[in-house]
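> Which chain is which? The protein sequence lines are X and C, in order.
If you use the working numbering, the first sequence corresponds to residues 1 to 216, in order.
If you use the working numbering, the second sequence corresponds to residues 1 to 326, in order.
These aren't lab readings, by the way, just hints derived from the structure by calculation.
Some clues are possibly wrong.
Under the rule of at most 30 Å between Cα atoms (straight-line distance), these lysine-lysine pairs were calculated in the DSSO-like manner [what the hints assert, rightly or not]:
1. X:53 - X:68
2. C:175 - X:68
3. C:248 - C:63
4. C:13 - X:127
5. C:323 - X:183
6. C:248 - C:47
7. X:183 - C:231
8. C:231 - X:208
9. C:323 - X:112
10. X:99 - C:231
11. X:173 - X:208
12. C:53 - C:173
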Amino acid sequence: MSKHHDELDEKAPPKGGFSRRGFFRGVGVTSGAIGSALLGEQEAEAAQAGGAKQGPGAVPVALNINGKVHNLNIEPRVTLLDACRNHLDITGAKRVCDKGTCGACTMIANGKVIYSCTTLAIDAQGKQIQTIEGIAVNGRPHPLSTAFVNNDGQQCGYCTPGFVMAAKGFLDKNPNPTYDQVKAGLGGNLCRCGTYVGVRKAVLEAAKAMKGGKNA
Amino acid sequence: MQAFEYASPTSVKEAIGMLSSQWGEADILAGGTDLLALMKEYIHTPKRVINIKGIKELGGIAKTAAGLRIGATVTLDELTENAAVRTEYPSLHQAAMGVSSPQIRNMGTVGGDLCQRPRCWYFRGGHGILGQENGKSLAVDGENRYHAIFPKSQAYYVNASSLAPALIALGAKAKIAGPNGNREVPVEQLFVVPSNNSGRELSLAANEILTEIVVPSARGVKNATYEVRQKEALDWPLVTASVAIKMKGSSVASARVVLGHVGPTPVVATEAEQMLAGKSLTQDVATEAGKSAVNGAQPMSGNAYKVQLARVAVKRALLEAAKARG
Numbered sequence: 001m002s003k004h005h006d007e008l009d010e011k012a013p014p015k016g017g018f019s020r021r022g023f024f025r026g027v028g029v030t031s032g033a034i035g036s037a038l039l040g041e042q043e044a045e046a047a048q049a050g051g052a053k054q055g056p057g058a059v060p061v062a063l064n065i066n067g068k069v070h071n072l073n074i075e076p077r078v079t080l081l082d083a084c085r086n087h088l089d090i091t092g093a094k095r096v097c098d099k100g101t102c103g104a105c106t107m108i109a110n111g112k113v114i115y116s117c118t119t120l121a122i123d124a125q126g127k128q129i130q131t132i133e134g135i136a137v138n139g140r141p142h143p144l145s146t147a148f149v150n151n152d153g154q155q156c157g158y159c160t161p162g163f164v165m166a167a168k169g170f171l172d173k174n175p176n177p178t179y180d181q182v183k184a185g186l187g188g189n190l191c192r193c194g195t196y197v198g199v200r201k202a203v204l205e206a207a208k209a210m211k212g213g214k215n216a
Numbered sequence: 001m002q003a004f005e006y007a008s009p010t011s012v013k014e015a016i017g018m019l020s021s022q023w024g025e026a027d028i029l030a031g032g033t034d035l036l037a038l039m040k041e042y043i044h045t046p047k048r049v050i051n052i053k054g055i056k057e058l059g060g061i062a063k064t065a066a067g068l069r070i071g072a073t074v075t076l077d078e079l080t081e082n083a084a085v086r087t088e089y090p091s092l093h094q095a096a097m098g099v100s101s102p103q104i105r106n107m108g109t110v111g112g113d114l115c116q117r118p119r120c121w122y123f124r125g126g127h128g129i130l131g132q133e134n135g136k137s138l139a140v141d142g143e144n145r146y147h148a149i150f151p152k153s154q155a156y157y158v159n160a161s162s163l164a165p166a167l168i169a170l171g172a173k174a175k176i177a178g179p180n181g182n183r184e185v186p187v188e189q190l191f192v193v194p195s196n197n198s199g200r201e202l203s204l205a206a207n208e209i210l211t212e213i214v215v216p217s218a219r220g221v222k223n224a225t226y227e228v229r230q231k232e233a234l235d236w237p238l239v240t241a242s243v244a245i246k247m248k249g250s251s252v253a254s255a256r257v258v259l260g261h262v263g264p265t266p267v268v269a270t271e272a273e274q275m276l277a278g279k280s281l282t283q284d285v286a287t288e289a290g291k292s293a294v295n296g297a298q299p300m301s302g303n304a305y306k307v308q309l310a311r312v313a314v315k316r317a318l319l320e321a322a323k324a325r326g
């Protein structure tokens, strides 16, 4: 097993610091109130202050994902992607390269597409995070999701959530794109099945379906 | 990655106080696009990570008397969206757009682009900055297709910055804050060649922070960047050439020609610069300048192709600049 997988690390107490992880193991997601109570008021306050040092053990981290605030107790080293997948069961974004190259983990933060695998969860606090789970419109698939199906914009499908989010971020900024602009706009996402042509057609179809409006 | 203590200070002074005078103790987090990968690979194992994005004075782009002031935490996206950058510094715009992933442009910062560590796979594989084993650089007899054609001393990696060649050609300065105050250096002086395998390739001290870049006015300076890369999508450049040309009538008064991704520091092509003086920017002159730029190249077993790429990159950057206003 390569040493990339920090779940392996997370099982070991961090070097050079007292770990609360063992204490919290099994607690999983806590509400803000429980989190603060367990930590003690002073520590929770310290964690809020900008310049205060936090960690290396678990600290309170509040994430606004798809319009809902989640209060977690996680170590500063936990990425936004791992916080979502391993701690919140928000598993649409995929962990593939885990080093900001493939785009399978793409989320939207304050309207900008980002690689969640290369963003620390603690650093994503205060931002409006949107994942593939949060783009449905009134319970119906987002026009991009529909367009991906219509245009065979996926084969194995593993890169698809990332592509859809990258495409959404792109269309929100460029509602009436050309084919070449779509190609360049999705330059941060890879598909090993090679479905790029279908993906680009899907984005163009979705742009028409959305009639230049932001939709969601 | 190894666990670390995290802080998000709100002033440069506070951030400097949290850094260590020793490399390896603390790391600065801005966009994180390089740092997190380095930490996941255990190439960097800092005990403390200091997020500087909350420091307001490190952000923003503004026109000043000295030129365009670009804060270190300005993202590549902010840079490419800036009207002054688009009109007056096409070279910088083209260089930043070469980072062809929107996600990286949204996250990555100007300071981070300059301070990112080399992509050399021997360095990333844990063989030290010079990629050595038993005192010998592994790239020389190994896989060197992306390595330097202008190696310096024992350094065969290439500087990974996309912006540095453009900034150097434009005569930009870097401002640096440290425990003993502020200093300013030309951007080319940010980069050094480490003397040993555990050395650093930046002239910054471990407790200094790159705070801003100041690019002098480029009014009347024709400038362009041409990048050659393997894929259209996200990839590091194979070769870039950035040029900045002052004209006198229809001929070149003075030229700056800087190559990226061909040496452990950006390479100033002095011979090409001298050759261009007094000439018109024709196809033949641009071709000649490309040839001059690669004089003295020392390719290895797998990267001789980069010599030709460099030649062509210089030629195309010059022809692009010739079309530019200014």
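> Now tell me if each hint is right for this structure.
Results of checking the hints against the structure:
1. X:53 - X:68: holds, 26 Å
2. C:175 - X:68: violated, 41 Å
3. C:248 - C:63: holds, 26 Å
4. C:13 - X:127: Within the cut-off at roughly 26 Å; holds.
5. C:323 - X:183: holds, 26 Å
6. C:248 - C:47: Given that 30 Å is the threshold and the Cα spacing comes to 55 Å, the pair is violated.
7. X:183 - C:231: holds, 12 Å
8. C:231 - X:208: This hinted pair holds, its Cα atoms lying about 29 Å apart.
9. C:323 - X:112: Violated - the C-alpha atoms of residue 112 (chain X) and residue 323 (chain C) are around 33 Å apart, more than 30 Å.
10. X:99 - C:231: Status holds; Cα separation ~18 Å.
11. X:173 - X:208: Given that 30 Å is the threshold and the Cα spacing comes to 14 Å, the pair holds.
12. C:53 - C:173: With Cα atoms ~21 Å apart, residue 53 (chain C) and residue 173 (chain C) stay inside 30 Å; holds.
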